[in-house]
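**Q** In order, the protein sequences belong to chains S and Y. The letter at position 63 of the first sequence is residue 163 when you use the working numbering, and the numbering goes up by one with no holes. The letter at position 154 of the second sequence is residue 669 when you use the working numbering, and the numbering goes up by one with no holes.
One or more hints might be untrue.
[As the list claims (entries may be wrong)] Pairs of lysine-lysine residues, derived as PhoX-like cross-links and limited to a Cα-Cα distance of at most 25 Å, are as follows:
#1 S:Lys172 with Y:Lys786
#2 Y:Lys786 with Y:Lys826
#3 S:Lys121 with Y:Lys663
#4 Y:Lys786 with Y:Lys530
#5 Y:Lys548 with Y:Lys663
To be clear, the hints were calculated from the coordinates, so they are not data collected in a lab.
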Amino acid sequence: MADEIKTAELPKVEGKTFNFKQPTELMDPVTYGLYYAIRYVALTGSDPAKLPDGKIMTEAQVVEIVGPAKAKAAGLVVPPGMKEPKKTDVADKEA
Amino acid sequence: MATFLLNDAALWVSKLPETAFNTGYTLTAEFEKVRSNQPVTLLPNYDFTTDAGKPGNGHEFATQRCLTFTQPPAIAIQDEVNNEMLGRLLLRSLGGTVTPLLVSGTAYKHTAPMLPVASGRQLPSSTVITQLGAADFRLDGMVVERFKISQTRADAPQVECDLVGSGKFITPNGVASLSTTPSVISCLDGNFTILQWTDAGGARDFTAGEGFRNFSVEIVNNHKLNDRLAGDPTNTLTYETVTVNPAYQRRLIRGSRVVNASITIPLNSTKVEWEKYTIGQQLTDVIFKPRGPIISGAVRASIAYFIPKAKIASMTTGEDDGDATVTITLDAMYDSTSLGAVTGEVVNTTTTNFK
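Take the sequences, apply the hints, and build the full model.
**A** Structural data, given as structure tokens:
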């Protein structure tokens, strides 16, 4: 059963999930890449609620947080029509 | 009468931090033998006051000398990394609460953050025994002043660990039948090292492609070695009917902590890192993780420092055996989740009480 996370605004999506409860040593390459991509968003945005540690997240939740570009970069097959998340980090904005 | 080679020097460190600062361990099983590339031998030194040079004596020479303080002893350990005693000292270099976690099978992960500011400035202390012939001392209240992990290419990663102490000591050490060999140590040989950070483009693996040339990461705790206070406790030493009582520090608190980290990579046809440096892009999860053999499943023996948030402080060009390189130095930044700038991690087969 998935841990409760801040997903009130997210659509309920059935399908693939990512287990971020497991140690990084045991993650497959896609989950590993997504784990650090989500942490990047959480840490640079000073939003610890988004940290993936100890959670199981759906594909939609992951894409919602990191955006389709980073999700694709991590090896995820992203459905068309997904929008990039709002940038919160100053450095990201500058980038 | 026996004489010794300098390399005959032996060193033991308490398996656990002292239960209270300056409260030394005394039982054989409480110590573990430690190797070091540099022999560690120690004779405590003292501070004195004299009247040398004072007007009134009629000359510049001393007529009186008073023993005051035991100087803080310092020990430098250098060796290839291991996930046993040096792993414990890595966790003590940070000082936060150690959390054990069963990772897989018989593999356990022990993680610790920096000691939060609200928890004070006294880092966990160790009891150390140094022995070479008659130079045989048990030193209490030894704290990690500096801990550095470094690696060049695929060479075995190295550790430098400096310990400093309160000055409390006992001689001879008084612990019977100390172990004669270090504990079994995994070979963390440098080939399986993880060196990565995450930036806006995702995880950047410095072991992929052209690889890295070297890295180092270092914690310096800047302990106050002159924090002497009236009422400090004293050592009691009696030789030839004379007893002296040089004092030692009742505490040995850290100063401002410093994190030094750098990565050297080949200078190639892109300048991605320089661009990130220029715009001040935030890096997260900078991982310096030498690893060794598999313990269970895909989990390898390891020892690691993590910098949760960092920025590139500078970039300089250089060379490595003629190859053009770039050295990236990092500024470790405060992470409000771990309440520090660095966290530590050791993976081994010890179930608990690894700290």
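**Q** Determine for every hint whether it applies to the structure shown.
**A** Consistency of the hints with the structure:
no., hint, result
1, S:Lys172 with Y:Lys786, "holds, 23 Å"
2, Y:Lys786 with Y:Lys826, "holds, 16 Å"
3, S:Lys121 with Y:Lys663, "violated, 30 Å"
4, Y:Lys786 with Y:Lys530, "violated, 46 Å"
5, Y:Lys548 with Y:Lys663, "holds, 20 Å"
Of the numbered hints stated above, those contradicted by the structure are hints 3 and 4, listed in ascending order.
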